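Work out the full structure: start from the sequences and follow the hints.
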Amino acid sequence: MSSIILTEWSISMCESLLNWDDSSSKQVDRLSQLQNIKSLQRQPQSSIPPSRLDLALHATRCLAEKSLRYPSIVNGSLQSESITYATFGSAGLQNVSSRYEDFRDGIALATASQPFTKASYVSLFSSLQMLLKTVKTSAYVVVFCSTTGSASAISEFRSLTSEQRLALLPLPNADLQIVPIGKGSVEDFEALDFFQELITLNDGEGRSSSKLNWSPNFVKRKSLQKSYFDLINFDLAIDAMAKLLYRPFSATLFLGELSGRVQLVPSPMSLRGGFQSFSEDFRILGTLEKAVVDKLSHPLRTYYVLPSDNHPNGASNVNPAEEPHLAPYLHASLRVLATHPNQPLVLLVCIGKAWYGYIEPTEDLKTRKKSGLVLQAFPTGATITDRPVLDEDLDATSVHGSDIPSYSTGSSFIPVYTSVEAVTSDIGRVSRISRKLPERKEAFFTELNKLRLHAFATCNFAFFEQLIRALEKERVLLKDGTAMAEVDNVMQQLRADGEKLNTMGALVSISGVQYPIVSQSH
Amino acid sequence: MSTRTENSRSEERKVARPNAFRTVFLLENSTALWSSAPGSFEPVSEESTLSSRSSATSFVAQTEWTWITWILEAVFEYCRIAWDIFPSYGVSIHGSGPNDETLKLYPTSGQPDQPSSSTTRFRDLRIAMSAVSQLERFAKAASMSISSAGSVFESIRDLENDELLSAPVYYENIENVSSDRPFYVRIVIVTTEKDELVLVNSVRESIMRQNIGYITRFEIAVFICSSPEAKAPSYKKIDGLNDAYITLYYISTGGTELLEAFKSCLAWDLRLSRTIVTDIPMREDVKTGGAASTSYNVDMFHPCLITEQKTQSRPGGTPLRMKWLKPVKGTTFAHVPLDDALPIRTTPSDPTTRPTQCLVGYVLDGNAVLLESQEVEKSGVKICKLFLSGGKICLLQLKSGTERVVDDIPSLLEVPGGKVTNYRVKEMCTLLKTIVLDPKSQFPIPSQALSRQKKMTSYFPFIYSDSLAYLLPQFVPLFEVVASPEKKDRSEWHAARNAIEEVLDMNAQNTLLPGLNTHVVLSTIPSGTRRAESYAVLWVELDMILEAYSNSSEGDSVRSLRDYLHARLPTPLRSELRTLILDRVRRHSYPGSNTENRVGTTVPENTTEGAQGLYKRKARPEFEGRLKFGRMGKLYQNLQKLEKGQREDTTLIHASLEL
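Chains A and B are the protein sequences, given in the same order. Counted from 1, the first sequence has number 421 at position 421 by our numbering; the numbering is strictly sequential. Counted from 1, the second sequence has number 250 at position 250 by our numbering; the numbering is strictly sequential.
Calculated directly from the structure, the hints in this document are not laboratory data. Note that the coordinates shown come from a computational prediction; the quantities given were computed from them, not determined experimentally. It cannot be assumed that every hint is accurate.
[What the hints assert, rightly or not] Derived BS3-like pairs (lysine-lysine); straight-line CA-CA distance at most 30 Å:
id, chain 1, residue 1, chain 2, residue 2
1, B, K426, A, K370
2, A, K370, B, K399
3, A, K290, B, K454
4, B, K419, A, K369
[Claimed, not checked] DEER-style ranges, computed between Cβ atoms:
id, chain 1, residue 1, chain 2, residue 2, range
5, A, I232, B, S441, 45 to 51 Å
6, B, L582, A, I232, 56 to 62 Å
7, B, G97, A, E472, 34 to 40 Å
8, B, Y235, A, I11, 48 to 54 Å
9, B, A232, A, S152, 28 to 34 Å
10, A, K353, B, P570, 46 to 52 Å
The beta-carbon is built from N, C-alpha and C at its ideal position, and this holds for glycine as well.
Below is the structure:
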């Protein structure tokens, strides 16, 4: 997973949104309440308030710091998420850098030497399309932009044909987060509508992984005309976005009384992780043979299981690598079992309410020398076979507890007669069973009743004639007297059915045993 | 920002939903429908059919089925496909009684409006529909009347409190209506009335009379049987009504055309599209000898696919052709699902053909196959996987290319627990083998099984230094008897008791036990009292282990062994030690290998610094030496290697086999 954080490079971004009074104690207090953009220092001269660009840069720094805690596996080691920083103007992306410090320094130089232009979203998305082709993983694209001064950029984008727009959006395998910076006054509305359009174009109908990070609480409003930018709310909004983008996921893995903390990579809360809301307690329910698992529901997502410090607050003064941990312990055991033929086992895990997965050992695909554990998550649902996994899930599945599809071999569904094959197949089956009379008498009457029920249900009385003709042919080939008598008896009853004299009545064998039409579960 | 939570946002966006809340069928009861319909089956010869090997095929002569039979078959087919993909989709069927009153045929009173279980719902449907034959005597020469249609809409009004029809949310917030949610009720009317104006007026007046136009949007599909001319379906809004639309299907050629029209209507109602799986290799037995391979196609219904451009494909329409690419076994990390794609259920369009049965049987056996689209640019779909999921055949769209989620693994020496070299791997393997599940016989897992797991792990050491009992070779016969699931004979249980006696003798002689300095509890006790406490800890450990295994298959014998232990102990077991051991094991607070910094918890406060130094001793290696023969290696390497001479040394096997 990687991130691309872009800042608009335009004249409107140089505008200030705050009234800056260095001597104001209220302002000082306000600065001290900031959690994340503390680096927004007071300007040396109180007459120069921070501009939108300053706010964007400091928010970028906040995101950069948060991303340091988000693990990513690169070249065999754990690293933080890779981020690309850049500005965008009329000429596409500029000041591209992979380190925040270099980006910040580049901006400082550019402020002096590079003229501010107007934003152009057409060139922005063109450049992004090219950049994302080089990024091989899913990406977050965060765009800090101004809510004013973008009329020309908006009209430029809207003047494109639909094919031209399709070439720009949606971005391939990327989640778009737009952060407009403005006061929320009437003049901002057009820009906000446009940004929402971009979000919709990126995500498609009905999807909402991308987001317009604009909240009514972003600004405080006394009236539509009078609104002012609130720094604390901006700070909170950036904090929320950072948590969304860079929230590592940890859970406690339980095997009975044994437990150990683990982290999943990629985080299930992220785009690449599929925005899954797992429980924070994973319970191992037991083990399954690998051969059995391969025939269960197909797992949907794969996560690497990384042992995590059992004492995240530093309660222990021991090197965590030297402290026994359940995850490597299980890993070693599963690896030993994997070396035995017919014994590779996986751990069946409950990862949420009525939600399951399994943990198995794996090797790295490059060298095949390193080994680890992966979690394969099944789709949500209490069943991974045709029955629920835990007895506490029975309520959730009781309505469709035996939800067997029509084509399943366990189903007693009779095909509807929409083709000649359906008719001949069923009649052929009854004919074949009749050859084995009197041994297969039960099966013979069961099959006959299934077909009778369908014929009555479709008012298809002509079907009985076809059935009688088929049985007549078989009767000629029978050698057993009892079988012949049974077939004769049945044909007589089928004639009555065809003449609508015995609708839904039971079939009676020559020995007097009744076979009701509705006793079976068809 | 959206006020919806992330969880609901991700769930809502992924679930495939039909367009319709439910479908209501109204079947006209006119004499015309009880007459023969054209388009019946042609006679087939034995050679031309693939399905049957019996001689029964040759008798399937020209059959003439009535319109009503075709209609009912089409209704059953609609329900079959709907319930295979959306098991809880609601369907109700109405007919006309002798006085044009509407008779509710399905579900009947006492049956829920939604199917309860697939094993009975088709049976219930058939039983209910068998009542249709009784209506023939009430068949009228005239076609559908306004009053019979009106009665159907009246019954819809009765459903107003049904949560499915609580679509006032549709009207309260029109913005919430989107293609992601069901947004109409489907009414299907089968009639012989040919006058379009009469049909439209009948529907309009019925809706207005019942005053139900505000409830939801109505999509009325009228199938005009025995239409004199072939015409394409027409779709229009009903004038004078807010949100009601009518589609007229003209059925002129007979039953098969009616069936296809029903399927076309179904595709819109459930937002389905079709995929033809092509080039399925099937080996045909050739009578002359040898085997020939021929390719077949199978037509499947499924919810619309999501294209790689993140748009959903159009319901109905031209089927997508996907070629059989290759079978796949198990999980492959290269198969990454498309973003927002979930497995979607499929059902064959015609389940009775042999190619369909072969494909379905292949997948139901647990096999999976990759399919490759032959119209990538047009459909936006590239690769799909057909496989079994939860007992149903599903289709999952995969990302093109091979983005692997797990391609690179970090070195385990950096992660917590990665540098520990004395894990009790053998014991854990044994434990894992005792909790193997069989989905066929053991699902759903009862809660007692999980409490047994808790018991078995209530005392389960991670590493050798977590336990004294496991370090004693004298106890090997006891653990083999207790932990092994096979039934043991009397001599083996006797050996277990002898093991206890042997260690009791050691206790009496105060023999030094191994591993005291690294033990999870004893290492925190000053070394002067450590030896004295060691046997007390040992017996508590043994008692806890026996308690954990007392619910095994040999539970009676284990409990008997435990009782024997209690009877033979020189002093009673101390409960505070039990609590301490459990607490330490649960918290996994292993003091670490650096013993110099470990100070006993019972060191008096006023002890001088010099005296304190007495408590800081280095580890005594007399037993740990057993683990340091140079075969320890790293945790994940050389797991099976032992020097030749040591394989016969049973005292070493127990401790060092996994190293």
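Exercise for the section: Could you check the hint for me, namely that A:I232 and B:S441 are 45 to 51 Å apart, CB to CB? Expected result: Violated: the Cβ-Cβ distance is about 60 Å, outside 45 to 51 Å.
Problem - C-beta pair A:K353, B:P570: status relative to the range 46 to 52 Å that was hinted - result: The hinted range 46 to 52 Å holds for A:K353 and B:P570, with Cβ atoms some 51 Å apart.
Exercise for the section: State, for the Cβ atoms of B:L582 and A:I232, whether the hinted interval 56 to 62 Å holds or is violated. Expected result: Since the Cβ atoms of B:L582 and A:I232 sit about 48 Å apart, the hinted range of 56 to 62 Å is violated.
Problem - Distance restraint hint 48 to 54 Å, applied to the beta-carbon atoms of B:Y235 and A:I11 - result: Cβ of B:Y235 to Cβ of A:I11: about 53 Å, so the range 48 to 54 Å holds.
Problem - Agreement of B:K426 and A:K370 with the hint, judged by alpha carbon distance not exceeding 30 Å - result: holds, 21 Å
Exercise for the section: With a cut-off of 30 Å on the C-alpha distance, tell me whether B:K419 and A:K369 pass. Expected result: Distance ~17 Å between B:K419 and A:K369 Cα, so the pair holds.
Handout entry: Given hint B:K399 paired with A:K370 - CA-CA distance at most 30 Å
Key = holds, 26 Å
Exercise for the section: With respect to the beta-carbon atoms only, verify the hint that B:A232 and A:S152 lie 28 to 34 Å apart. Expected result: The hint (28 to 34 Å, Cβ to Cβ) is violated, given that B:A232 and A:S152 are roughly 48 Å apart.
Exercise for the section: With respect to the beta-carbon atoms only, verify the hint that B:G97 and A:E472 lie 34 to 40 Å apart. Expected result: With Cβ atoms ~39 Å apart, the hint holds.
Handout entry: Restraint check for A:K290 with B:K454, where alpha carbons must lie at most 30 Å apart
Key = With a Cα-Cα distance of about 24 Å, the restraint between A:K290 and B:K454 holds, given a limit of 30 Å.
Going down the numbered hints, you'll see the structure goes against 5, 6, 9, while the others check out.
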